[in-house]
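Novice: Sequence:
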Amino acid sequence: MPRRFCRVEQFQWWWRKDLTHTGQDIFPKRTSHSTPITPSPSCCHRAPSLSPPCRWEQRMTKSPPSTWAWLYGAYSLVPKPLHAVLENLIKASNSSLFQNRTVGEMLWGYYDPLLKDNIGLFSPYNGTYDGIYNVFDGKDDISKVGFIDRWRGESVLQFWGDKYCDMINGTDASSFPPFLDKKPLYFFSSDICRSVSAGFEQSMDLKGIEVYRYVLQPNTLASPTVNPDNQCFCRNEVITNNCTLAGVLDISSCQAGRPIYISLAHFLGGSQSLLENVKGLNPSEKHHGTYFDVEPTTGFTLRFAKRIQVNMMYGPSKVITVLKKVKEYTIFPLVWMNETASVDDATADMLKKELISRIEMLDIIQKALLGTGVAIFVLCLISYCVVRRNQSKIV
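-17 is the number of the first residue of the sequence shown in the numbering used here; add one for each residue after it.
Calculated directly from the structure, the hints in this document are not laboratory data. For clarity, every value in this text was computed on a predicted model and none was experimentally measured. Mixed in with the good hints, there may be bad ones.
Once the Cα atoms are required to be at most 27 Å apart in a straight line, the calculated DSSO-like pairs of lysine-lysine come out as [unchecked claim]:
hint	residue 1	residue 2
1	Lys189	Lys334
2	Lys189	Lys288
3	Lys268	Lys164
4	Lys165	Lys189
5	Lys189	Lys121
6	Lys288	Lys268
7	Lys261	Lys334
8	Lys307	Lys73
9	Lys268	Lys73
10	Lys334	Lys300
Beta-carbon label-pair distances, calculated as ranges [said to hold, decoys possible]:
hint	residue 1	residue 2	range
11	Ser374	Phe161	23 to 33 Å
12	Ser137	Gly262	36 to 46 Å
13	Phe161	Leu361	52 to 62 Å
14	Val301	Gly262	23 to 33 Å
All C-beta atoms, glycine included, are put in the ideal place defined by N, C-alpha and C.
Based on the provided sequences and hints, a complete structural model is requested.
Specialist: If you want it as structure tokens, here you go:
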């Protein structure tokens, strides 16, 4: 029998996401000062001018983003005697492995008869808080300004069951400590439930401002055989081929057991096996990589592109009818998101006027003072030599 492939149909849909932080003063005394930061509710709005109505309402064949994630998660977790109950639920709701849903339904939700709830990628999160961040304010140590002290009241995560993988490192990537020296930067991303690092790539010009570009380290999603530090992120040895699979992160532990896998767009940097069952993926660092452009003096992120892909896992089953034809575990792409932002012209001009120009002026003053000091030293040396020579003649 010829091998069948899942085919990915690519379109673009645009939305606007509003992100703001609200700072609060902290009252209890601590060894290191930290300040609670409350992110305002994330608001995503469709951009009609960029997302044509015909495509917005176009029906597309995809796995529902949450229904089957919940279903297969339940299939994986409940005892085998209860698998028949799931089979009866599926038959009663007349569900299928693939359903035709519009883009609007996929993103903003649709009513699912099996779960009896509104299901969508953004539906449960739009207008919600990410949690309170306690960050260091730099009063005691400027090199730790912006570093996350606690998230949701905890200094470590509770997702991975490992001291290393549960660490909360660095900032939230919106800013970093000032005076960067091109060393790797660390930040925590609640989207993927873990801390990651980015390495310096090159210096660039952004609207007349020098910025350092940082990109995700190649070993971030490497398999544990390449990067042993990732061993604690391997949750299922069967699905990951004894933890040799690279390029995906099982975040089911922070998604209520749902088999959701996060990767870079188009499985960038992932194992070749991820691409073998899917047609239409062409990973490219230029189009699918994640980067941050940071102003080195202030540590502010002035431009970024966060590109992540949401995938669902499903596999074979001898009990559930719609999964009986599935031959092997498959990580299937649902959607990949290209979240980008850049400093506007007004803010860039303000930075150049209030910061860059003053730094350049200080640099000029420093060089002028240095030059003046050298000149004075040379004059003093010459004067000393002349006086010594005259004294020698008199003697």
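Novice: The structure should be examined with respect to each hint, and the outcome stated for every one.
Specialist: Each hint, compared with the structure:
1. Lys189 to Lys334: holds (9 Å)
2. Lys189 to Lys288: Distance of about 20 Å is within 27 Å: holds.
3. Lys268 to Lys164: At roughly 21 Å apart (the allowed maximum being 27 Å), Lys164 and Lys268 satisfy the hint.
4. Lys165 to Lys189: Distance ~24 Å between Lys165 and Lys189 Cα, so the pair holds.
5. Lys189 to Lys121: violated (31 Å)
6. Lys288 to Lys268: holds (12 Å)
7. Lys261 to Lys334: Not satisfied, since the Cα-Cα distance of roughly 46 Å exceeds 27 Å.
8. Lys307 to Lys73: holds (16 Å)
9. Lys268 to Lys73: Given that 27 Å is the threshold and the Cα spacing comes to 45 Å, the pair is violated.
10. Lys334 to Lys300: Distance of about 65 Å is beyond 27 Å: violated.
11. Ser374 to Phe161: 23 to 33 Å: violated (51 Å)
12. Ser137 to Gly262: 36 to 46 Å: Since the Cβ atoms of Ser137 and Gly262 sit about 43 Å apart, the hinted range of 36 to 46 Å holds.
13. Phe161 to Leu361: 52 to 62 Å: violated (35 Å)
14. Val301 to Gly262: 23 to 33 Å: This hint holds: roughly 32 Å between Cβ atoms.
Checked against the numbered hints given earlier, the structure breaks hints 5, 7, 9, 10, 11 and 13 and satisfies all the rest.
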